[in-house]
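Following the hints, put chains F, V and U in place on chain B, whose structure we already have.
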Amino acid sequence: PKFGEYGGQYVPEALMPAIEELADAYGRYVLENEDGFMDEFRERLADFGGRPTPLQYAEQLSARYDTDVYLKREDLLHGGAHKLNNALGQVLLAKYMGKERIIAETGAGQHGTATAMAAAHLDMPCEIYMGETDIARQRPNVFRMRINGAEVNPVTVGRGTLKEAISETMRDWATTVENTHYVIGSIVGPHPFPKMVRDFQAVISEEAREQAIEKTGGLPDSVVACAGGGSNTMGAFAEFVSDDGAERSSAKNPSGDEPRGRVDLVAVEAGGSSLTVDEEKGVAPNSATLSTGDEGVLHGARTKLLQDSDGQIMESHSVSAGLDYAGVGPELAHLVDEGRVTPVNVDDDAALEAFHRLSQDEGVIPALETAHAFGYLEENHDELGDTVVVNVSGRGDKDLETVIEETSKRDLDIAPDMSILNRVGGGGI
Amino acid sequence: PKFGEYGGQYVPEALMPAIEELADAYGRYVLENEDGFMDEFRERLADFGGRPTPLQYAEQLSARYDTDVYLKREDLLHGGAHKLNNALGQVLLAKYMGKERIIAETGAGQHGTATAMAAAHLDMPCEIYMGETDIARQRPNVFRMRINGAEVNPVTVGRGTLKEAISETMRDWATTVENTHYVIGSIVGPHPFPKMVRDFQAVISEEAREQAIEKTGGLPDSVVACAGGGSNTMGAFAEFVSDDGAERSSAKNPSGDEPRGRVDLVAVEAGGSSLTVDEEKGVAPNSATLSTGDEGVLHGARTKLLQDSDGQIMESHSVSAGLDYAGVGPELAHLVDEGRVTPVNVDDDAALEAFHRLSQDEGVIPALETAHAFGYLEENHDELGDTVVVNVSGRGDKDLETVIEETSKRDLDIAPDMSILNRVGGGGI
Amino acid sequence: MGLERAFADEPAFVPYLAAGDPNYEDSLAYVEALAEGGADVIELGLPFSEPIAEGKTIQDAIVRSLESGMTPDRFFEFVEDLDVDVPLVCMTYYNLIYQYGDSESRSDSGTASGDTASQEGPRPFVEKAAEVGIEGFVVPDLPAEEAGPLREACDEFGLDLVFIVAPTTRGDRLERMMEQVSGYVYVQARLGVTGARDDVDDATEASLARLSDWDVPKAVGFGIKTGEHAEEIVAAGADGVIVGSALVDIVAEGHEDGDSTEAVADRLESLARELKQGAVRGAQERPQPERT
Amino acid sequence: MGLERAFADEPAFVPYLAAGDPNYEDSLAYVEALAEGGADVIELGLPFSEPIAEGKTIQDAIVRSLESGMTPDRFFEFVEDLDVDVPLVCMTYYNLIYQYGDSESRSDSGTASGDTASQEGPRPFVEKAAEVGIEGFVVPDLPAEEAGPLREACDEFGLDLVFIVAPTTRGDRLERMMEQVSGYVYVQARLGVTGARDDVDDATEASLARLSDWDVPKAVGFGIKTGEHAEEIVAAGADGVIVGSALVDIVAEGHEDGDSTEAVADRLESLARELKQGAVRGAQERPQPERT
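Keeping their order, the protein sequence lines are chains B, F, V and U.
For the first sequence, the UniProt record's numbering assigns the number 9 to the initial residue and increments by one for each residue that follows.
For the second sequence, the UniProt record's numbering assigns the number 9 to the initial residue and increments by one for each residue that follows.
For the third sequence, the UniProt record's numbering assigns the number 1 to the initial residue and increments by one for each residue that follows.
For the fourth sequence, the UniProt record's numbering assigns the number 1 to the initial residue and increments by one for each residue that follows.
Be aware that one or more of the hints could be misleading.
[Stated by the list, open to error] A few chain U residues facing chain B, derived, Cβ under 10 Å:
#1 Leu66
#2 Tyr100
#3 Ala252
#4 Thr261
[Unchecked claim] Straight-line distance between alpha carbons at most 27 Å, and here's what the computed DSSO-like set of lysine-lysine pairs gives:
#5 F:Lys103 with B:Lys223
#6 F:Lys289 with F:Lys103
#7 U:Lys56 with B:Lys289
Just so you know, these hints were derived from the structure itself, not from any lab.
A quick note: this is a predicted structure, and the numbers were derived from the prediction, not measured.
We treat Cβ as the ideally placed atom computed from N, Cα and C, and that holds for glycine.
This is chain B alone, in the form it adopts within the complex (with noise of 0.2 Å):
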């Protein structure tokens, strides 16, 4: 159950025997494939979630920086996101294991929906703890929830956010595991989370990686992913760590053979106004965790954190809500120590501006996550080699207001003139 010295299972005694349950579960149904549960698992994410999702090569940013760039669109799956590949597989899971009852925590509300929509699909009755500061900005996605039949349970302690709304889930599953699944929504959490969390992502790899192979004859030079607590990263890596050799090998393979050769796995997190930290505050500016946090034990595992000297859980901050996490996958953490994988990270402003650049460019509006990802190609594509694999891990419709408020703080030349909606009447987005 660990990735190094990462991972275990840090919780309350109450939850272990529910955990042990579903190490056994995982290991039974995602692992081996009993009673035909990745069968069904990946034949509702084809009709359900429409999968695959394409491997677009992208013309204009290829021009642009001379490299060939392809999109591997998430944001086209059902929802808007890869989210849902977690929350159909674990929500079937549940079923296979006879609960009668889903709960799940959400941050800007993007698990959320995908817990509620899997849920709504599966028939099962389903509950979402959310912060009640989250409830409050994120309204579209309370929505969806709601209309997916799913309940809303605010979270009124702390700053009422994604990570109180993680222990409020945590506490419900205390009072509940009996007949109750907690669909953590990524790759955090106790074992067996992190590892079942990969491998429902892992899919997106697993056609990336043949994707590419036929699109381009050959392995990607660098796959680029953003990182928040991770889910898509590993997502969008999984399939490619063992592609570990010591050359790139965008060399193509007209023979036919298996493609073989080093593909780099470059997570980019959220450099959010800043990387220092304000101890005082408990404050850190950013939720560039793999870059600057260090070790320690939150939500039931050990990892990387952004934390203070005595170890409470500093504030992160980002203006990506989805990057917006203290914390960070276990696997993700021994990676970047393994030197496997690369973590990078991308302001705000460069964030912002490398949305802009894609909706204009490519006709693709990213969410805000995954708009740290293009932000670090646009400044180091000559690092990444010939052919690029970026994961675009959902869409942005969700971050409109955001990127308009956001952007009219800032002096960013791509940024449209949005003063038409000042001109004409009034009414919210």
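Frame of chain B; chains F, V and U shown alone:
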């Protein structure tokens, strides 16, 4: 260029040469696949748009109706609706024709956003005309167009809605025909638009027909689609039109022969609040053009219209902005007269109820347009045979605010309690 | 088929106003003022709710007219009430022409000609128009290809059917139009929609050249707003000038400023006179008039 | 390893308060009041920012304590400042224990034990705790499987490590825990998180039965709020009762109502006395005490 007595080219002389040029290009590139146009179109639809979209078995609805219900998931297309099929086709065609500028009208903003996305993808300057009333009430879509780099030109004449925007776009085109292509958003307008848009949208039924045969071994008994202008409708029907045998053929074909028989085609219009028109005010509180309109000439084509006894076009109304149009595609008008397509309508209340049902039962939040098709299914599933394909023309994220507002005015048992949104903080959707 | 007579002696001045803009009574006065000012033919707009060929100026006029209660039947009354001695052309969109005979609910309106007529197409409208003294039609959304039924009805009742030739109209399309046109041909001076502009387009000469073998008078419109413009246009070979937006602007301004009917009528008459005189001057400048 | 002694003579009353709730000085008085009221062991909470095992009552206490400036170092001062003659157990989350020795920036804080220590795991924290007189730990997010390093450090410095047994804990997991536990075992009376409730769960007897062969005292917690509850629990075979939320409620109410420190302390002492007496009564009702 006609469908029976419908269709034609009723446009200002200045546009005729452009329309003839377009008709020529349509014939060569679309019909003859000159320069591999259709190949490139299909490839871009796949890689950029995310085609094929799934044909999903709807478990809960099938159980509810004791009928096999399949969902054609156009909501999963890039942009969230079938609109991209057409927008991408036309923008690509404009490029093949050497045009340097794209214009389009939009009502609710779906066609505008699809066109803006396609234009960004293909690196074409793009301007969208949109009534100022619509701009005020569809702000998220205005944001999306601007973010994709399109200009949005407010139309201040009249009510400031779709029909004024169409007229205004035609005016622009009349001035700029030489370098500009006008991307009409539905199977309306002068020839060749109705045929061409149908051909671009026909991919829906091409896929659906194949997928239905693959999944059920035979043809469906019925295909149900909502109808406003009618592009998703004809897209969903096109490949089934010739399945016009005397008998339904859901009897499976285990022998592997090409299935034959009759597939019923049901076009579900917006019944609005009532089918009764107010001649005095020139208002039809519905958009049931096929069911209640009569022949006339609008926006370049002879078709069925909602008009007063003088021939002035009426204000149409529907809870769904995308169905709110006083005209309809001439081909649909013709197929209705021929008896090949059955026009029906579903009122606002039933559409809202169906919106909630699909969201809760299947985890798919449909566009309000789409919800009309499911409203019909709820009330008339007995008449639709054993296997029904419903076209999920778009996703409902854009309609959340409308749905909540309209739901709150009604007493719908099925609607979720939205009071959490009042209990917790402020902020627009 | 008599509109050609208006071009016979000297270049014709063909003004346009929307009937009923800004209201029925004032509009009567304004149209009469144009006649006073020297109009040779008057194009009277019957407003349609979706005027796809008009620029903002005339669109706004159409909205004002519709809001003041203009309908096809009221339009015919308007024509009857007009006290002018100038040929009148009805400029409108095809759906109004087409629907007139197709309504079963017309019974309660002022005229009875269309009663319960159904599927008769344009005939009832043309019949009624002829009855009130209209001499021709301009239908901006009816290209020659779709004009058969209307042409037929016009022939039956002795009315002219004017077509618009655009700068982009070429080859076969010109032929088709030439076969059907009568009265005069409306030469669109530039691409775009109606609206007054400050310059005269070079395309005009080219258009006139393409039509040199047509045997109907060639009236040039789109963008003419001063006597000098009219002069240049006619000097370039036109048989007449069509002016709409510049006149509608006067109506709109008068309406906005609350000016008296007389004041607005005076201004219209004055501009009409200027335009007519400009056209006449233009004809004198032509080295060799080529009108048929 | 001395906590067992608190259970030796009669059933133990083990209250919990969050150190520093609602502030440093009041909290000292409140903890001392519990000792006055008859506490045999006191569980002192060192607040962690993410208390995943606590119910709302204790969560709120943790927030109050953090906001009043509580830190690990301040906690150790707190323990030193306490004037009580009762064994103290530190209840906290593992990250605080784990990080204490791992910080390079502790130099400016009051104590120096952890200075520049790095990657030492729980040892520096345990060392410091032992130094100030802490006798044991309860770490709600540290199951036996992950407890090795902490157990080792506790052994080194002679501290007890208390584990929580849940109603759902069975088989191998019980074995693993039994191997590592010392001082006493915290028997969770029901599923869920901490919080006072009105009934005593039947699961308690079953849990006690599963632990019958363990050689450490069994203290039952979760949901005990009155002397009668305590009595029933002990009568059912518990060697002690752990009470948190009911006491924290008194602190919270006093804080909200602005009551004097003395008044709140009196209430705490009074409830403590009731609970201790209930426990004692319960022991007398047991037909055959089974404590080792």
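Do the hints match the structure? See the list:
| no. | hint | verdict |
| --- | --- | --- |
| 1 | Leu66 | 8 Å, holds |
| 2 | Tyr100 | 7 Å, holds |
| 3 | Ala252 | 14 Å, violated |
| 4 | Thr261 | 26 Å, violated |
| 5 | F:Lys103 with B:Lys223 | 24 Å, holds |
| 6 | F:Lys289 with F:Lys103 | 44 Å, violated |
| 7 | U:Lys56 with B:Lys289 | 24 Å, holds |
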